[in-house]
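Asks: The working numbering numbers the first residue of the sequence shown as -17 and each following residue consecutively.
Derived from the structure by calculation, the hints contain no laboratory data. Among these hints, one or two may not hold up.
Quick list of simulated restraints, FRET-style, between CB atoms [unchecked claim]:
hint : residue 1 : residue 2 : range
1    : GLY345    : GLY576    : 44 to 54 Å
2    : PRO466    : THR377    : 25 to 35 Å
3    : GLY576    : ALA400    : 41 to 51 Å
4    : THR77     : GLU561    : 47 to 57 Å
5    : ASP385    : GLY270    : 39 to 49 Å
6    : ALA549    : ASN414    : 40 to 50 Å
7    : SER390    : ARG278    : 47 to 57 Å
These numbers come from a predicted model, not from an experiment. Where is the CB? At the ideal position from N, CA and C, for every residue including glycine.
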Amino acid sequence: MFWSIGAGPAAARSAGSVTSRLGPAPGIMRGLVLHRRGNDAVPRGLSDGKRGGRGFVRARRSVPPDNPPTSGRRPTMAPHGGPRSQMLQLADTLTRTVRPVRIPEPGQPVTMYSCGPTVYRYAHVGNLRTFLMPDLIRRALLYHGMAVRQVQNITDVGHLRDERFDRGDDPMLVAAGLEDKTPGQIADAYEAAFHADAAVMNLLPAHVYPRATEHIPEMLALAERLEDLGHAYRTEAGNVYFAVSTWPGYGRLSGNTLDALRAGHRGEVEGDKRDPADFALWKAAGEGRLLKWPSRWGDGFPGWHLECSAMAMRHLGDRFDIHTGGEDNVFPHHEDEIAQSGPIVGGPPADLWIHGAFLMTSGRKMAKSAGNFQRVTELADDGIEALAFRYLCLTARYSRRLDYSEESLAAAATALTALRSRLRALGPAADNGPWAAPAVLAAGRAADRPTGSAAGVRGHALPDGQAEPVVVDRAGSPAAPLSPAGRELHERFVAAIDDDLDMPTAVATIHATLRADLPADERRWLVLDADAVLGLDLHRVWQPQPPAAVFEPRVDALLAERAQARAGRDWERADEIRERLRALGMEPVDLADGTTELRLIDPSKGG
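Given these sequences and hints, build the entire structure.
Replies: Below, the structure written as structure tokens:
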């Protein structure tokens, strides 16, 4: 099956809008559209649509599709061309059940909001395991031929050290003081580092990365509306709290009851709250605070929970399909999100609430506060590539805690090397013919994306040079039919993916496929087809350079971070990134005109 990339009628537009109960939100960018060659072309877009859920009426969003939707619902297809009855099912924390992701109306995407990083320090591999989970969900949906629109927030204000008691310092301000930089400089540096880390993990970039500080008007509108409806109150100190007693469903997500929460707060309650379980929507700013904004209650700053509700409404509308985060987001963050969004939209804003389990080291959760963390880009110092860590994550279900150690990482690296070696021995696929390589989630350039004021919000644009994923319709099949044994292996793989992302079974099936008594062409096709979900870059095994060195978006992200470090005269950081590039087999050479040239290191000359 052959594919070509094109733009729909919306190509000339730089932005659309999403309508929510808080009013219109400009700046929704158009998506790429992928057309299949032939008479049965099915255009796909990244637009918003109308779906219902759990008895609530879903608000209609006003973004027009990039192409007119086809008539009728398009079935998900099996590799041999027949309709499939299965669909991706995920463990929903809200209902405690494994539920299918709803198939959107033709021309509409599955919408997903992913809690992103707080950019006051580097993300560690435990964070990246959490961010891998929505990447796998997205890849699985794309594999089923459905467009996806993903929003991942960047928290750059308001995340207090003790969210349950609404107290403590904002870590953004603490980091700014320690590093003698402005909060904006701190956010810029660590957001760039986050994008670089995500790139080496081969995470598909989100379509929108909204920053909290760029959505203060939306947050104020939400808080004001909640106060007007009687769900929030202002205190004499100028703080604004959500009254949890006004939301009957509070505690449904986490299982916490109000009585238990109140009992747990005895002796530890801020004096101006009416109820110890109430949480802050807006906090009054103290004298000399750097990050503060005017409001009808006086100068202040938003609560962390308010940020995500406001940004999700802005970029996805009142209702969306999937909300992801780590298990530590269940309470209080996501519980509070549901409570403050519910009175506005009529119920939980997301249909599915999916949470990833912790990465553990020596029996403890990996955390910045515990000091037991490691950056993914530091793995190269130990001779381990980032994709080996991705492979390690695939050996456990996202909903189960995973032990991280030198031994487990080394075992994953060995297994990935063995997988590549077996695949490489099959020989490369022909460019054409019945067993040509299947379509992959290729990376397009970000140059045609609206940026800055054209997008309506800075977060719409990725850092310069970062890749944009192409939405690939996966409904095709090889020109040659799969053998009965090949079909059984493929169906086993798809069944594992659909079963709440059972990645251990999926990976085991790929190894079994490589050992199977099947023609080399069929084994190769099955493995490369599966890698669209696994994301291990297996189609690069026949290239002469190491996979980590030739993946252009990955290298571009590191170059972008190094350029920013040089511009800020952070020479130590620039040299650190140079060494990481050298570990990938690339030597950055800074030229007199201010540009940087990459040269391959010749191993025979000792690097």
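Asks: Are the hints correct? Go through all of them and say.
Replies: Going through the hints against the structure:
no. : hint                          : result
1   : GLY345 <-> GLY576: 44 to 54 Å : 49 Å, holds
2   : PRO466 <-> THR377: 25 to 35 Å : 29 Å, holds
3   : GLY576 <-> ALA400: 41 to 51 Å : 44 Å, holds
4   : THR77 <-> GLU561: 47 to 57 Å  : 48 Å, holds
5   : ASP385 <-> GLY270: 39 to 49 Å : 45 Å, holds
6   : ALA549 <-> ASN414: 40 to 50 Å : 46 Å, holds
7   : SER390 <-> ARG278: 47 to 57 Å : 53 Å, holds
Of the hints listed earlier, there is not a single one the structure fails to meet.
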